[in-house]
Structure formats: structure tokens, C-alpha cells
Amino acid sequence: MRRMVLYPLVALGAAVGTLCFGSPASAHGYVSSPPSRQALCAQGKVPDCGAIQYEPQSVEGPKGLKSCDGGKSQFAVLADDSRNWPATAVGTAVTFNWVLTARHATSTWDYFIGNTRIAQFNDGGRQPNATVSHQVSLSGFSGRQKILAVWNIADTANAFYNCIDVQIGGSGSPSPSPSRSASPTRSASPSRSAPVATKPPVPSGTAWAANTKYRVGDIVTYDGKRYQCRQAHTSIFTWEPIYTLALWLPV
Amino acid sequence: MRRAFAILIAVILLLAGCGTPVTPKQGVLPASDGPHSDYDVMFLQMMISHQEQGLEMLELGRAKAVREDVVNLAGAIDVTEAEEVQTMRTWLSSWNVPVVTVSDPGNHAAHGAQPATGPAELKALQDATGTDFELKFLNLLIAHQHNAVEMAQQQALNGQNAAVKKLAERIELSRTQQIKQMLALVSG
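Residue numbers (the numbering used here), protein chains in the order written: chain A, 4 to 254; chain B, 14 to 201.
Some hints here could point you the wrong way.
What the hints assert, rightly or not - Pairs of lysine-lysine residues, derived as DSS-like cross-links and limited to a Cα-Cα distance of at most 27 Å, are as follows: (1) Lys77/B to Lys75/A; (2) Lys77/B to Lys193/B; (3) Lys149/A to Lys193/B; (4) Lys216/A to Lys136/B; (5) Lys228/A to Lys179/B; (6) Lys66/A to Lys149/A; (7) Lys77/B to Lys136/B; (8) Lys179/B to Lys193/B; (9) Lys149/A to Lys75/A; (10) Lys69/A to Lys149/A; (11) Lys193/B to Lys136/B; (12) Lys178/B to Lys75/A; (13) Lys178/B to Lys193/B; (14) Lys228/A to Lys216/A.
Unchecked claim - Far from chain B, by Cβ distances over 12 Å, these chain A residues were calculated: (15) Ala96; (16) Thr111; (17) Val139; (18) Gly208.
It should be emphasised that the hints constitute simulated quantities derived from the structure, not laboratory data.
Where is the CB? At the ideal position from N, CA and C, for every residue including glycine.
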């Protein structure tokens, strides 16, 4: 019964996001790490963000703004500092990594703290690579800061806006942030690091559930039938055993 | 609005237990019976091309990613998308339509879609190693799946065939959840 209720609600949210907030073709890019506010919304770490969670790449507005929401009222949540956005702990330099869904010819990438531009990267109108990273020095700043990252498009009047909350020079992130695995090599041991926002491994034969980590060989039940996992994964809706022979074998 | 209303009705029916949860055969989506349009054909051809390009990226991810969670996610997306591609190919051939490889990004753009990940990006991935590889891989795949969502949303609005539209809805939903997982991995 739970599945029957949850599944359509998830779908509905996505559909409404599409319907009400413009053409999906107007979507283009955002900072994924350290996570921008729209990335935190899209990954579900910050709840109740509204439409932005389905299109984090769409915060487009006229050039020259200093706003987290690009001046778009439907994304106003991004400019709401009272939302207690988690801040990522960083050192005196930080590398910003972008997700680009459409690679527009670019004039500059600008980074601001308050009204101070702390870095600029000039692409001179070129099309950027599919992955873009910038290392930015934060020397002279400390504590919690809100960094505005702006992607200025060369051949339109528009730019894309991101705010990234950081805690400079300390581990004082107000929210628990997952730590990167210390080991640079893949472990061959059967022990597994705790997944982020994922439930612990389930006893064999329990009902399939979304957001659950399944290992090869795990047995679940779904609609009264038993299935065995054949490819390790963390489950999502649409990967129910009845739909994915590639993930689940009937047993 | 018509679509929103239809979805709302569907949700209400489901909540009320009036849905028709006809369980399809495992791994098999409903047959693409019924009328179809040129848009349905174009969507399937574009999505096949898009996913086949993604499969190359995913193979690299399975082989080269550092963290087990990333390797497993790449593997699961790889096998489920390969399954989808098979279904889409079957539908096209049941309509006697050739599977045209739509590999030119300009071609995508001409249809109002987003450019796909091209050979240059794959080359950059092939050359990268370690955590640098993983970061590039995740950011490329996130963008790739955002593009799939955009294409699926267009199909939901413009397509005709019921089975293809259903597939598009599933693609939108699954890629959105994959992006969620990848954003956690890329910032974690």
C-alpha cells in the first residue's frame, strides 16, 4: 500500500515542476560541489525547496545581479538565508565544480563574497568543456560565508546564479556532512561503508523498498514474489523488481 | 493544465485504490500498440542514441570509479538502460522504422533538445584517473541524465503513443532519483 501512495506522489511532484515553471529546454548549469543551494535542494538534503529541486540548472537571470535566485520568484527559496543552509567546510582555497547541461559560449565565470569579486575566469566567448572546475582562493576570509558563483553567457544577456555556503578554515559545518572515503582504492573486503541517507542492509526476504542498498544475492519480495539481486545498487522508484530483470532475477 | 488534471485524477484514483495495477511481465514494458506519431519515433531514436552514448561513459565508470557506491550506481544504470534500449529498439522495429543513429549534437539541437555528451568528453574521461576521474564522471553523468529528463519531458508533452509516453515518465522519474544519488556522491 505504501508503494501505491508514494510512487504517484513523486511522479506528480516532478510533473508539476515541469508544467508550472517554463520550458525545460531553458536549463543549463549549476555548481555541484561544494554543493550550491540548488544542488542541496535537488539531492533532497534541504527539503521543501519547491520547483528548483527538479531543475537546479535553471537559475537564469539577467547579468549583473547579486542574487542567489537569479531574480526568479519561483526560486526565491534560494535567496532565503533563514533556511539554515548547510555550509561545507573548506580550507583557504576551494575548487568549484559545475554540471553543465548545455554548453553556452561563455564570457566569464565570476565569484563574489558580498560585493567583493574574489575571482574571475575569462573564457573569451569560447564554449566551455563538458566539465568545468575553478580553484578559488579564499584568503582574507574566515568563518561562514556565502559565495555567489555566476556563469556569464557570451551571446545572451543572461547569466546563471548559484549560492554556495561554506565554513572557511574549520570543520564547523553546522550540519553533518558525509566524509569522503579515506581509502583511494576500492576495497575488496565485504565490509561496506555506511551509505549516505540509506537504510542499513535488510534481512533476506523482506519487502523491496526504495532508497535501500542491495547487494548481489540479496533476496526481496515484491507483490508476493521473490527476487534475487544480480547487480548491487541503491534502489529507486522505477527499479522495482517487476520492471528490472537486469537488477532482479525471479527465484 | 489538461495533463495536470489528468495526473491529479490518476493520483486520486490510485489513492482511492481504484487504480488498475496490472503487473506487467517482469522487465517488459507494455507493448507499443496503438497509434504513434513522428514525434514518438524521433524521441525513441534520440533516446536510443543518447543512452548508447551514456553506456560508453557508464562502462568507464564501472571500470575506473574509486568508491564502491559509484561503481555500483554506474553498474545499475548501465544494465537498466541497456534493457531500456532493447525495449525501444523492439518498438521501433515493430513499427517498421529503422533505428537511425542520431549522433550529431547539432541534430539534437535542431530538434530543440540538448547536445549529447560527445567523443571529446569520453576522451577526457578515458584520460582521467582516480578521484579526478570520479568527479568528472559524476558531473558528466549528472548532466547527461538532466538531458534525458529534458527529452522525456518534451515527449510527455508532445508524444502520442501511450507506451512511449509511459516510458518517458519512467525515464523522468528514474533519472531524477539517480541525479539525487549522484549529487550526494559528488559532494560527499
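Here's how the hints hold up against the structure:
1. Annotation: proposed proximity of Lys77/B to Lys75/A is violated, straight-line Cα distance about 40 Å (limit 27 Å).
2. About 21 Å separates the Cα atoms of Lys77/B and Lys193/B, which keeps this hinted pair within 27 Å; it holds.
3. For the given pair, Lys149/A sits about 23 Å from Lys193/B by alpha-carbon distance, which is consistent with the 27 Å threshold.
4. The straight-line distance between the Cα atoms of Lys216/A and Lys136/B is roughly 31 Å, outside the 27 Å bound, and the hint therefore fails.
5. For the suggested pair Lys228/A and Lys179/B, the alpha carbons sit about 24 Å apart, so the restraint of at most 27 Å is met.
6. Between Lys66/A and Lys149/A the alpha-carbon distance is near 19 Å, which keeps this suggested pair within the 27 Å criterion.
7. For the suggested pair Lys77/B and Lys136/B, the alpha carbons sit about 14 Å apart, so the restraint of at most 27 Å is met.
8. This hinted pair checks out: Lys179/B and Lys193/B have alpha carbons roughly 22 Å apart, not beyond 27 Å.
9. Proposed proximity of Lys149/A and Lys75/A is supported: the alpha carbons are some 19 Å apart, at most 27 Å.
10. Between Lys69/A and Lys149/A the CA atoms are separated by roughly 11 Å; this keeps the pair inside 27 Å, and the hint holds.
11. Restraint check for Lys193/B and Lys136/B: the C-alpha separation of about 26 Å stays at or below 27 Å, so the hint holds.
12. At most 27 Å may separate the alpha-carbon atoms for a hinted pair to count; Lys178/B and Lys75/A exceed this at roughly 30 Å.
13. For the hint linking Lys178/B to Lys193/B, the alpha-carbon distance of about 23 Å falls within 27 Å, and the restraint holds.
14. Proposed proximity of Lys228/A and Lys216/A is supported: the alpha carbons are some 19 Å apart, at most 27 Å.
15. For Ala96/A, the non-interface assignment is confirmed: its Cβ lies about 16 Å from the closest Cβ of chain B, beyond the 12 Å cut-off.
16. Chain B leaves Thr111/A outside its interface by the beta-carbon criterion, the shortest separation being 20 Å against a cut-off of 12 Å.
17. Every CB of chain B lies more than 12 Å from the CB of Val139/A, the least distance being 16 Å, so the non-interface label holds.
18. Once the 12 Å rule is applied to beta carbons, Gly208/A is consistent with being away from chain B; the minimum gap is 18 Å.
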